[in-house]
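Under mature numbering (1 follows the signal peptide of the UniProt record, and there is no 0), the letters of the sequence shown match residues -21 to -1, 1 to 496, in that order.
What the hints contain is simulated information worked out from the structure, not anything from laboratory work.
For each residue, glycine too, the CB sits at the ideal point set by N, CA and C.
Watch out, some of these pointers could steer you wrong.
[Stated by the list, open to error] Computed spacing ranges between beta-carbons, pair by pair:
hint, residue 1, residue 2, range
1, ASP85, LYS171, 16 to 24 angstroms
2, ASN446, ARG27, 42 to 50 angstroms
3, GLY304, GLU279, 40 to 48 angstroms
4, THR450, ASP85, 49 to 57 angstroms
5, ARG27, GLU334, 44 to 52 angstroms
6, ASP85, ASP165, 36 to 44 angstroms
7, THR450, SER146, 17 to 25 angstroms
8, SER123, ALA448, 20 to 28 angstroms
9, GLU334, GLU53, 32 to 40 angstroms
10, ASP336, SER390, 21 to 29 angstroms
11, PRO65, ILE337, 19 to 27 angstroms
12, GLU156, ASP336, 16 to 24 angstroms
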Amino acid sequence: MKDAKLLWVLYWITTLTRIDAYHFPVSSSRRRVSPLQATKTRVGRQNRIQELLDWAKNTADIKAGGIELKSSPESGLGWFATRTIPANSVLLSVPSALVLSVEGTDGPPQVEKLVDRSIVRTLPWYARMSLYLHYLSEKDPTISDVNIQPWLDSLPTQFDTPLHWGSLKELQYPYMEVAVAKQKKDWEAYHKQMQGVLSWEDFVWGCECARSRAFSGAYTGGAFNPRIYVFTLLLVMLYVGLNLGTLEQAANGAGVVVSASIFKDFVVPKLFKQQRYIICPVIDMANHQSIGSGGEVSFEYFTNAYSLASSKEIPAGKEVTISYGKRSNDQLLQYYGFVEQDNSNDVYILPALREWDIETIEKNCGRKVAAGRLAKLERAGLLGSTVENAAAKSNEEAANAAGGVVVKRGSGVDPAVLQALRALLSTDEEWSAASEAIGNFVEPVNPENEKCARIAARTALEQELSNKATTLEEDETLLQRMESMKKATDSSVEDLLAIQFRIEKKKLLQETIDRLR
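Between the sequences and the hints, there should be enough to build the whole structure, so can you do that?
Printed below as a string of structure tokens:
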């Protein structure tokens, strides 16, 4: 009985202490204009950067060492090493109380002051983050009693993403037109639910800040809270000192507290697979690099802070980059507004297999597609989905929102497509030997059939490449000319991005064609 009472006392102290640790007050402040409205009245860029750094050091208690914030022609504003930095060195440490976060299906309490909770729960995370940014910009720029206006002022006022382009034809990539059209349609639907709260322009600005600056991970229950263990130790001492029970009984009770803390912080979030999205001021200035990035962002459990640390030795003067994850150039351009050269995660989305030129494939392979074979592949779902169906059902995060054939820079044509081509171009004998089961074409059936499947894939890729309005060589020459004359002309960012993007896509196609020979 004594054991049971002790366990309940320790459990409720643990629970109440943790709730208190998560209750942060929000103070009021004078009304601020939104980032978009403030564009003309802002101070110069260099002054804004200096104000951000002063705020980080003197007000926000953000620790920094061995790095500086500066601009470079290649990547723009970013963090650079001021000295040789050893591996596993903490370069930035930001108190977790200062981050903007949304988790699960809820928004922060501030968001629910703007829009009804029932609506908030239907919105994707970035729309909720947009509302949060709007609240901070328009209502109250404080988080945990810290005024974050200098950080808000440092955010970009506009984005060079395709959503704002007049035309996407210069990309020479129909898939992007489909993806951006779907993005706009979805965002308009989300904004319609909150009309009267913020303008379309401010909503889009907030969504793009969220999409380009947030990072995500599994939700954790909280930071290390020493008060729980201090209270537990005190109760153990009292329990034993007052002869209420044995040391063994007290140790059992303390073990339950420790187990409950671990369960709440680590086990429960894993079981429910809750996702948290974070924008971390100052750390959000780090730029992306798919391979070879020298920085990593993580949550420090025992210091209750988010950190940017070196994952390897970084030479003095080199930029400290992080990886935003496995992002193709489709995703980087659509949501971040830049293109990464030789991106190892890049993809090309060909039309669905049902739209391929079967007659030319038959001619190049020297084989005819047997009657009824296409219908069987259709029923098996191997011919791809239509653009309309994919646009209605797909997640805009997906690399293949249009339901086409995915070609990856690292691995080439989707294995499921090669499986479909083996079955499609199989002779009657090969089809019978496979028991007329498409599943038996997952692996190559014989050298001749495999050769035909590869010829078919190569034919589709060659046709895609030859149908472009310009060649790879012409684009590379044009890009060199534009970059050399950049200071003397008014070439738009759109034009440069479009050429960089289609160069990368054509390189990917050519590399895959060469591998299929």
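**Prompt:** So which of the earlier hints does this model not fit?
**Reply:** Hints 3, 6, 8, 11 contradicted; others consistent.
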